[in-house]
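**Student:** So you can see what is in the structure, the chains are spelled out below.
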Amino acid sequence: MENRRSFIKKSAMAAAAVCLSEIGSNAAPTALEGFGKANRNSHSNLIVPKGDALPITGTFLDEISHDIPHQNWGEAEWDRDFRYMKEMGIDTVIDIRCGYKKFMTYPSPYLLKQGGYMPSVDLIDLFCRLSQKYGMTYYHGLYDCGSRNSVDQVEPNKYIIEEVWERYGSKYDSFGGWYISHELGRYLDGAIGAFQTMGKQCKDISKSAKHPKGLPTFISPWIDGKKAVSAAKAEVHRDEGVSVDDHRTKWNTIFDGIHEYVDACAFQDGHIDYDELDAFFTVNKQLCDKYGIQCWTNAESFDRDMPIKFFPIKFDKLRLKLEAAKRCSYDKAITFEFSHFMSPQSAYLQAGHLYDRYKEYFG
Amino acid sequence: MENRRSFIKKSAMAAAAVCLSEIGSNAAPTALEGFGKANRNSHSNLIVPKGDALPITGTFLDEISHDIPHQNWGEAEWDRDFRYMKEMGIDTVIDIRCGYKKFMTYPSPYLLKQGGYMPSVDLIDLFCRLSQKYGMTYYHGLYDCGSRNSVDQVEPNKYIIEEVWERYGSKYDSFGGWYISHELGRYLDGAIGAFQTMGKQCKDISKSAKHPKGLPTFISPWIDGKKAVSAAKAEVHRDEGVSVDDHRTKWNTIFDGIHEYVDACAFQDGHIDYDELDAFFTVNKQLCDKYGIQCWTNAESFDRDMPIKFFPIKFDKLRLKLEAAKRCSYDKAITFEFSHFMSPQSAYLQAGHLYDRYKEYFG
Amino acid sequence: MENRRSFIKKSAMAAAAVCLSEIGSNAAPTALEGFGKANRNSHSNLIVPKGDALPITGTFLDEISHDIPHQNWGEAEWDRDFRYMKEMGIDTVIDIRCGYKKFMTYPSPYLLKQGGYMPSVDLIDLFCRLSQKYGMTYYHGLYDCGSRNSVDQVEPNKYIIEEVWERYGSKYDSFGGWYISHELGRYLDGAIGAFQTMGKQCKDISKSAKHPKGLPTFISPWIDGKKAVSAAKAEVHRDEGVSVDDHRTKWNTIFDGIHEYVDACAFQDGHIDYDELDAFFTVNKQLCDKYGIQCWTNAESFDRDMPIKFFPIKFDKLRLKLEAAKRCSYDKAITFEFSHFMSPQSAYLQAGHLYDRYKEYFG
Numbered sequence: 001m002e003n004r005r006s007f008i009k010k011s012a013m014a015a016a017a018v019c020l021s022e023i024g025s026n027a028a029p030t031a032l033e034g035f036g037k038a039n040r041n042s043h044s045n046l047i048v049p050k051g052d053a054l055p056i057t058g059t060f061l062d063e064i065s066h067d068i069p070h071q072n073w074g075e076a077e078w079d080r081d082f083r084y085m086k087e088m089g090i091d092t093v094i095d096i097r098c099g100y101k102k103f104m105t106y107p108s109p110y111l112l113k114q115g116g117y118m119p120s121v122d123l124i125d126l127f128c129r130l131s132q133k134y135g136m137t138y139y140h141g142l143y144d145c146g147s148r149n150s151v152d153q154v155e156p157n158k159y160i161i162e163e164v165w166e167r168y169g170s171k172y173d174s175f176g177g178w179y180i181s182h183e184l185g186r187y188l189d190g191a192i193g194a195f196q197t198m199g200k201q202c203k204d205i206s207k208s209a210k211h212p213k214g215l216p217t218f219i220s221p222w223i224d225g226k227k228a229v230s231a232a233k234a235e236v237h238r239d240e241g242v243s244v245d246d247h248r249t250k251w252n253t254i255f256d257g258i259h260e261y262v263d264a265c266a267f268q269d270g271h272i273d274y275d276e277l278d279a280f281f282t283v284n285k286q287l288c289d290k291y292g293i294q295c296w297t298n299a300e301s302f303d304r305d306m307p308i309k310f311f312p313i314k315f316d317k318l319r320l321k322l323e324a325a326k327r328c329s330y331d332k333a334i335t336f337e338f339s340h341f342m343s344p345q346s347a348y349l350q351a352g353h354l355y356d357r358y359k360e361y362f363g
Numbered sequence: 001m002e003n004r005r006s007f008i009k010k011s012a013m014a015a016a017a018v019c020l021s022e023i024g025s026n027a028a029p030t031a032l033e034g035f036g037k038a039n040r041n042s043h044s045n046l047i048v049p050k051g052d053a054l055p056i057t058g059t060f061l062d063e064i065s066h067d068i069p070h071q072n073w074g075e076a077e078w079d080r081d082f083r084y085m086k087e088m089g090i091d092t093v094i095d096i097r098c099g100y101k102k103f104m105t106y107p108s109p110y111l112l113k114q115g116g117y118m119p120s121v122d123l124i125d126l127f128c129r130l131s132q133k134y135g136m137t138y139y140h141g142l143y144d145c146g147s148r149n150s151v152d153q154v155e156p157n158k159y160i161i162e163e164v165w166e167r168y169g170s171k172y173d174s175f176g177g178w179y180i181s182h183e184l185g186r187y188l189d190g191a192i193g194a195f196q197t198m199g200k201q202c203k204d205i206s207k208s209a210k211h212p213k214g215l216p217t218f219i220s221p222w223i224d225g226k227k228a229v230s231a232a233k234a235e236v237h238r239d240e241g242v243s244v245d246d247h248r249t250k251w252n253t254i255f256d257g258i259h260e261y262v263d264a265c266a267f268q269d270g271h272i273d274y275d276e277l278d279a280f281f282t283v284n285k286q287l288c289d290k291y292g293i294q295c296w297t298n299a300e301s302f303d304r305d306m307p308i309k310f311f312p313i314k315f316d317k318l319r320l321k322l323e324a325a326k327r328c329s330y331d332k333a334i335t336f337e338f339s340h341f342m343s344p345q346s347a348y349l350q351a352g353h354l355y356d357r358y359k360e361y362f363g
Numbered sequence: 001m002e003n004r005r006s007f008i009k010k011s012a013m014a015a016a017a018v019c020l021s022e023i024g025s026n027a028a029p030t031a032l033e034g035f036g037k038a039n040r041n042s043h044s045n046l047i048v049p050k051g052d053a054l055p056i057t058g059t060f061l062d063e064i065s066h067d068i069p070h071q072n073w074g075e076a077e078w079d080r081d082f083r084y085m086k087e088m089g090i091d092t093v094i095d096i097r098c099g100y101k102k103f104m105t106y107p108s109p110y111l112l113k114q115g116g117y118m119p120s121v122d123l124i125d126l127f128c129r130l131s132q133k134y135g136m137t138y139y140h141g142l143y144d145c146g147s148r149n150s151v152d153q154v155e156p157n158k159y160i161i162e163e164v165w166e167r168y169g170s171k172y173d174s175f176g177g178w179y180i181s182h183e184l185g186r187y188l189d190g191a192i193g194a195f196q197t198m199g200k201q202c203k204d205i206s207k208s209a210k211h212p213k214g215l216p217t218f219i220s221p222w223i224d225g226k227k228a229v230s231a232a233k234a235e236v237h238r239d240e241g242v243s244v245d246d247h248r249t250k251w252n253t254i255f256d257g258i259h260e261y262v263d264a265c266a267f268q269d270g271h272i273d274y275d276e277l278d279a280f281f282t283v284n285k286q287l288c289d290k291y292g293i294q295c296w297t298n299a300e301s302f303d304r305d306m307p308i309k310f311f312p313i314k315f316d317k318l319r320l321k322l323e324a325a326k327r328c329s330y331d332k333a334i335t336f337e338f339s340h341f342m343s344p345q346s347a348y349l350q351a352g353h354l355y356d357r358y359k360e361y362f363g
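Residue numbers (the numbering used here), protein chains in the order written: chain A, 1 to 363; chain C, 1 to 363; chain P, 1 to 363.
These aren't lab readings, by the way, just hints derived from the structure by calculation.
Hints are not guaranteed to be accurate.
Copies of the same chain are indistinguishable here, so a pair counts whether it falls within one copy or spans any two.
As the list claims (entries may be wrong) - With a straight-line cut-off of 20 Å between C-alpha atoms, the simulated SDA-like cross-links for lysine to any residue are:
| # | residue 1 | residue 2 |
| --- | --- | --- |
| 1 | K227 | D245 |
| 2 | K233 | D305 |
| 3 | K227 | I308 |
| 4 | K233 | I308 |
| 5 | K233 | H66 |
| 6 | K102 | L112 |
| 7 | K227 | H66 |
| 8 | K101 | D305 |
| 9 | K213 | E166 |
| 10 | K326 | E360 |
| 11 | K102 | D275 |
| 12 | K86 | E75 |
| 13 | K101 | L277 |
| 14 | K50 | S329 |
| 15 | K50 | D122 |
| 16 | K133 | H43 |
Can you build the whole structure from these sequences, using the hints too?
**Tutor:** Shown next, in the form of structure tokens:
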């Protein structure tokens, strides 16, 4: 009895039950029927072309988070969330970092030896299983030791990459790629070499008949724009962001260095203003094309403009960013991230409404 | 099917369905009946006189917001919210600003030409229609270009006021007034002239047989008190607020300048401490009476004393402010704002409880 | 009708209704049955030993809060929350402070005379009644005038302690102890004397045949660690925390001074890092043993590491802290606090999931 009861008593859950009952074989509760009908006839009246934007087909999974509070989901909630993702068109999930400082997503022998904290659940196994179940591709995010200097990330990840490949990569068909999770931002000394080393190791270890060059890798850096301020600061923007030209010069150098080991780049889209999207996106696409890197966008589904850090974004802001990604012929859109900011079962109820608006727009 | 499903899956929604089914013709779900009954007998035991305060009869609609995260409601949710407002006694809704920088609530030809962002829905049309449907008066908030200098607001609003009157004001009976949305605070150079110009334009354009002087206008300034700190700062108060005497002197000058074009003034009640309410409210009422301006209070329903910016206020704090407004013979109470901070379907579940406490108190 | 309706329309409420209907005599809604069943079979797969930690048997009640937004619960919601607490194994509730500056939990004649704000409900009476109903022990938190200097707290509490004993302590069997609510932190001048005076008064007034030494008292100080930063600051940690040795020296002095009047000490566990728990807990336990004070832990159920201040903690973090408390043979665990951060009806839906994870772990 207990599990049903504990399930039912969460509000988003009660909701989810009804929603998913329609996917499965359960009957919808008749008591809500009448109201539902009235509602069915009151679609919002959109005055923009529907679906004229790049749809989101991937999402990060925010484990281990460092700035978004945890939702404390168990396996049942994660399973349900993958169903919601699938229903929205998501085919790719990316664990954002498999460990952060002493916290980890799976019982890593290497990290445990370093004094890491034993997790109560093996989330990587769970994510690989659920990806398998829902026909999605799982990308694995590397460990983050907490240093802003990428060079420090190389050593621990030597062990992590091996462990992860042996435990999950070689075992689950859903394991389909790597995410080099360190954010290339202002601290660049030695970063190119570090990304080469980590990218090469990821690819080498995952070579197979099916993937002779190894599994694909990607990065998701931030643009050093006006809104590039720490989450631990109260402010939401700073006076000066990087110029488009400086951005181009910097990333030309970086791509030149790493393109052999990085297959896609998903710039975060939230650090620049909405009227700067086309200028930066155009440069990103040109650079990606020049170096044979896939050009993805990391469409942030949280709002960087608000004093509450962070809550779901207003739909129209997300739409503006996805429209720009389409205009600039981007290859794929992923989001940070579905479960807090777009999921109907998110603790932030605005997220479920964003899901509705998104589906209303993409039809 | 989709719309009913997407509706039902939100928790506040499931709740709303049940609630509203009692207003409409739907049957209430019997499963919850028993518990509901138990609940009916456990009213809180109030130890203060019930309803001895000025009731809230108006609310802002926070579009375009600049510091409260968006709820991503569609037309169905807005319709339901107007019903909740009505049920609580609200007869006046005020759009807080029809545009903010490049964001807008309706497809403004003027702002689109300036590079503004096309909205996906025409909210002004929606708000006018819903006001009509629920028998409420709609006040229209002017455009805010983002400048703290009111003088900069005059030029764009020349076009906005014309557009809005033509599109909505002349068309909807519910369109009943104007809100000059710029906050008269510390930056006063030229502000009086700016308010005169904008107020006059609003009144002139809306003159009719029924409203020979044009539709009413109002403002909602802040008192420069201890809690007048930026939402983008972590702090919740500063060392020194304005004195009652300085407040009187300053607003005597302002009212002297603008009273011909402003029919009501709703001071925000959240920047001063609870034991300062009577002192400031008394002065406000005296000044309003002197200049023939209606004295409203903008009873903020969010809590300025908390590090989370912003969540619903504790009921007793709201009560203290509304009691003071009654003691000082204020004419009307409006709130900023119902949909986030008092609505049973708010993403902040504390809001629904505030709604219950409010109704329990006012009976 | 109104009360049932207002109850039902809150999401957490709808959920609660179903949950509690199973405790009471109501039938569970059949529409959710099927989904519930599916869920029952998907327990999380724990990879740590279950229940190898000190269970939480007490919680603060956050009235008057100074930094957590109010939930606006009425008597029905409080009653339901006590049932949830009971179900989780809680036998002790502690009102955190019966008044804070001009706000109060009960109509205190003393504070009203000083210009305090009349509350709309007598919460102390409510808490005592509910403790009685659910077989719990109620501890009463003293008044906090807002000064960081404990010496200033003595005078007002002379009157408060008398009032409270007469109104509630002498009347309710559930009234079982006192909580000296002032936080002994960095401001120690005279603090020992102040705690002696207040502790002695609490004990003296509550002497009886059954409690010849008076009712027990406790304190819940913070460790001056890395995360000891103000909630009103954006940052989440500072560069230097107190060393274990300095902590030992300081608290040896304090305990030496106050042990006669303080029966238990529940250090807050959230200001130090997870890998510092054992070092500090060991010292705490040694000092408590030396002075004959019960060693409790105040297991904070909110997350101090996030920019949102404050949301429910990740279960694994709470587990790490409770495991350490067990390893160090602590006597009891209480939490700050159940109703916002662990309750299935909390406005923070993460809290209900934390409740589920907690119960899953403790079995």
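**Student:** Indicate, hint by hint, whether the structure satisfies it.
**Tutor:** Status of each hint after checking the structure:
1. In this assembly of identical chains, the alpha carbons of K227 and D245 lie at most 20 Å apart only when taken from the same copy (18 Å versus 40 Å across copies).
2. With identical chains, the CA atoms of K233 and D305 are at most 20 Å apart both within one copy (13 Å) and between copies (13 Å).
3. Taking the closest pair of Cα atoms, K227 and I308 come within 20 Å of each other both inside a single copy (14 Å) and across two copies (18 Å).
4. In the homo-oligomer, the alpha carbons of K233 and I308 lie at most 20 Å apart both inside one protomer (11 Å) and across protomers (11 Å), since each shortest distance falls under that limit.
5. In this homomeric assembly, K233 and H66 come within 20 Å of each other (Cα to Cα) both inside a single copy, at 14 Å, and across copies, at 18 Å.
6. In this homomeric assembly, K102 and L112 come within 20 Å of each other (Cα to Cα) only inside a single copy, at 8 Å, whereas the closest approach across copies is 50 Å.
7. For the homomeric pair K227 and H66, the shortest alpha-carbon distances inside one copy (18 Å) and between copies (15 Å) are both at most 20 Å.
8. Within a single copy, K101 and D305 get their C-alpha atoms only as close as 28 Å, which misses the 20 Å cut-off; across copies the closest is 13 Å, which meets it.
9. Taking the shortest Cα distances, K213 and E166 sit within 20 Å of each other inside one copy (18 Å), while across copies they are farther apart (64 Å).
10. Taking identical chains as interchangeable, the C-alpha atoms of K326 and E360 lie at most 20 Å apart only when both belong to the same chain, with a minimum of 18 Å there against 45 Å between chains.
11. Taking CA atoms no more than 20 Å apart as the test, K102 paired with D275 passes between copies only; the shortest distance there is 9 Å, against 40 Å inside one copy.
12. In the homo-oligomer, the alpha carbons of K86 and E75 lie at most 20 Å apart inside one protomer (17 Å), although the nearest pairing across protomers, at 26 Å, exceeds that limit.
13. For the homomeric pair K101 and L277, the shortest alpha-carbon distance between copies (16 Å) is at most 20 Å, but the shortest distance inside one copy (33 Å) is not.
14. Taking the shortest Cα distances, K50 and S329 sit within 20 Å of each other inside one copy (18 Å), while across copies they are farther apart (51 Å).
15. In this assembly of identical chains, the alpha carbons of K50 and D122 lie at most 20 Å apart only when taken from different copies (15 Å versus 40 Å within one copy).
16. In this homomeric assembly, K133 and H43 come within 20 Å of each other (Cα to Cα) only across copies, at 17 Å, whereas the closest approach inside a single copy is 33 Å.
In this structure, none of the earlier numbered hints is contradicted; all agree with it.
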